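There are 2 protein chains.
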Amino acid sequence: MCETCGCGEHLHEERTVTLKQDILQENNQQAEQIRAYLRSKRIYCLNLMSSPGSGKTTLLEETIRRLTVGTIREQSQLPIYVIEGDQHTDNDTHRIAALHVPVLQINTGTGCHLEAKHTMQAIKQLNPEEDAILFIENVGNLVCPSLFDLGETRKVLIVSTTEGEDKPLKYPYIFQEADVCIINKIDLLPYLQIDMQALRSNALKVNPHLRLFEVSALKGTGMDIWCSWLIEELAKCK
Amino acid sequence: MCETCGCGEHLHEERTVTLKQDILQENNQQAEQIRAYLRSKRIYCLNLMSSPGSGKTTLLEETIRRLTVGTIREQSQLPIYVIEGDQHTDNDTHRIAALHVPVLQINTGTGCHLEAKHTMQAIKQLNPEEDAILFIENVGNLVCPSLFDLGETRKVLIVSTTEGEDKPLKYPYIFQEADVCIINKIDLLPYLQIDMQALRSNALKVNPHLRLFEVSALKGTGMDIWCSWLIEELAKCK
Numbered sequence: 001m002c003e004t005c006g007c008g009e010h011l012h013e014e015r016t017v018t019l020k021q022d023i024l025q026e027n028n029q030q031a032e033q034i035r036a037y038l039r040s041k042r043i044y045c046l047n048l049m050s051s052p053g054s055g056k057t058t059l060l061e062e063t064i065r066r067l068t069v070g071t072i073r074e075q076s077q078l079p080i081y082v083i084e085g086d087q088h089t090d091n092d093t094h095r096i097a098a099l100h101v102p103v104l105q106i107n108t109g110t111g112c113h114l115e116a117k118h119t120m121q122a123i124k125q126l127n128p129e130e131d132a133i134l135f136i137e138n139v140g141n142l143v144c145p146s147l148f149d150l151g152e153t154r155k156v157l158i159v160s161t162t163e164g165e166d167k168p169l170k171y172p173y174i175f176q177e178a179d180v181c182i183i184n185k186i187d188l189l190p191y192l193q194i195d196m197q198a199l200r201s202n203a204l205k206v207n208p209h210l211r212l213f214e215v216s217a218l219k220g221t222g223m224d225i226w227c228s229w230l231i232e233e234l235a236k237c238k
Numbered sequence: 001m002c003e004t005c006g007c008g009e010h011l012h013e014e015r016t017v018t019l020k021q022d023i024l025q026e027n028n029q030q031a032e033q034i035r036a037y038l039r040s041k042r043i044y045c046l047n048l049m050s051s052p053g054s055g056k057t058t059l060l061e062e063t064i065r066r067l068t069v070g071t072i073r074e075q076s077q078l079p080i081y082v083i084e085g086d087q088h089t090d091n092d093t094h095r096i097a098a099l100h101v102p103v104l105q106i107n108t109g110t111g112c113h114l115e116a117k118h119t120m121q122a123i124k125q126l127n128p129e130e131d132a133i134l135f136i137e138n139v140g141n142l143v144c145p146s147l148f149d150l151g152e153t154r155k156v157l158i159v160s161t162t163e164g165e166d167k168p169l170k171y172p173y174i175f176q177e178a179d180v181c182i183i184n185k186i187d188l189l190p191y192l193q194i195d196m197q198a199l200r201s202n203a204l205k206v207n208p209h210l211r212l213f214e215v216s217a218l219k220g221t222g223m224d225i226w227c228s229w230l231i232e233e234l235a236k237c238k
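Just so you know, the sequences run in chain order A and B. Residue 36 in my numbering sits at position 36 of the first sequence, with consecutive numbering throughout. Residue 116 in my numbering sits at position 116 of the second sequence, with consecutive numbering throughout.
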């Protein structure tokens, strides 16, 4: 029983804190193992995080298209692999598989985020070649994924213009953890009341190191700028 | 140590399952106490859940406006109270307080949902009159709030047209738990590729008992239908 007052609530809180520390510690250890493995194979890994419906899968599809066809392919020519995280369904896996890219679905059931053990399991199954790029599409959630390092090279946060300018302030932890923030659905700006300058400044107030991009994955706007940056990053990491 | 194989992973999983069961059991007990209390005071309580940025606060503002002014007020004339849940900031509390409604902010920090203990704490502080309506705006998250009963009369799920038609299939638990699903931002339909018929049928496939509404909280479309239904529900519960 809880040494403080014997009540169930404190007991649970104490156990929760201990268990959370243990789980995060174990997750971080696994993530570091994955990071070392990926580095040794020169595999660049992106962890894509966002709210449900902000356009992660469309962004991923359009990024893959640009990396595998057209002018950008000349610069990259990398093997691409994808890990898809969702509570249920393998809808997104079908969308990615249609692009002829090896993809593995992980369904978390009631789980609200991916963990390093999922990356580890997926890498074993996908068995990626050296000098590859590995995208991980996390479960749609602006809260819990921020706590779990997946062993990625970079964390990419996607926010949609439809979500409003206040999200960096209301959900600061995931903005603090991210390396890149992609503002998606800019094609809808004429129909929304969002203050884009406030969104940018709120994001940078929470995390001054964030690299910001503004795109419409659906219409293609800004996608070449994002993909060119990605190619530069890949080159730096070799 | 884990009796199965002594590994840390199984140990954590076993402890997680036990702790989760304990936490949910304690939460459910508190929620039932709250429900009995609210029923004894004839207080109707709605738990509003959604992804970040789907328009919960705007919907709540416009609902409160309709319940406190104009023709609908003649039918309701209820005291209104609001509990605001967010990771950080009291932005939404300021928006609600501007409507001259008693409101209490609960910041969850890294927490991803409200729990019954938060409702209990807020009720003690708000001390609502009898025959009132209490709105709880949960943390923006389409996953975790589904597990936690807050003692509410009804669970209301808000989804935005910008989130796509597949969300009921990908996040089924929260759709299964909800009594009402409000599809918000229908003013954006001309600019989106969403299949509304698929969204409706996906929602009803996951939960055939869902009561569906389609609104634009921003433009007011459909809001009178939603509020009239709410007034009828309030009358039934007396």
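FYI, nobody ran anything at the bench for these hints, they're computed from the structure. Any given hint might turn out to be false.
One copy or two, either will do: identical chains are not told apart, so a pair holds if it fits within one copy or between any two.
Subject to a maximum C-alpha distance of 20 Å in a straight line, what follows is the list of computed EDC-like cross-link-like pairs (lysine to aspartate or glutamate) [said to hold, decoys possible]: (1) 117 / 13; (2) 205 / 13; (3) 236 / 22; (4) 124 / 233; (5) 205 / 90; (6) 205 / 32; (7) 117 / 214; (8) 117 / 14; (9) 117 / 61; (10) 205 / 61.
Since we're looking at a predicted model, the values are computed, not measured.
### Message
Name the hints, by number, that the structure is in violation of.
### Response
As far as the earlier hints go, 2, 3, 4, 6, 7, 9, 10 are violated by this structure, in ascending order.
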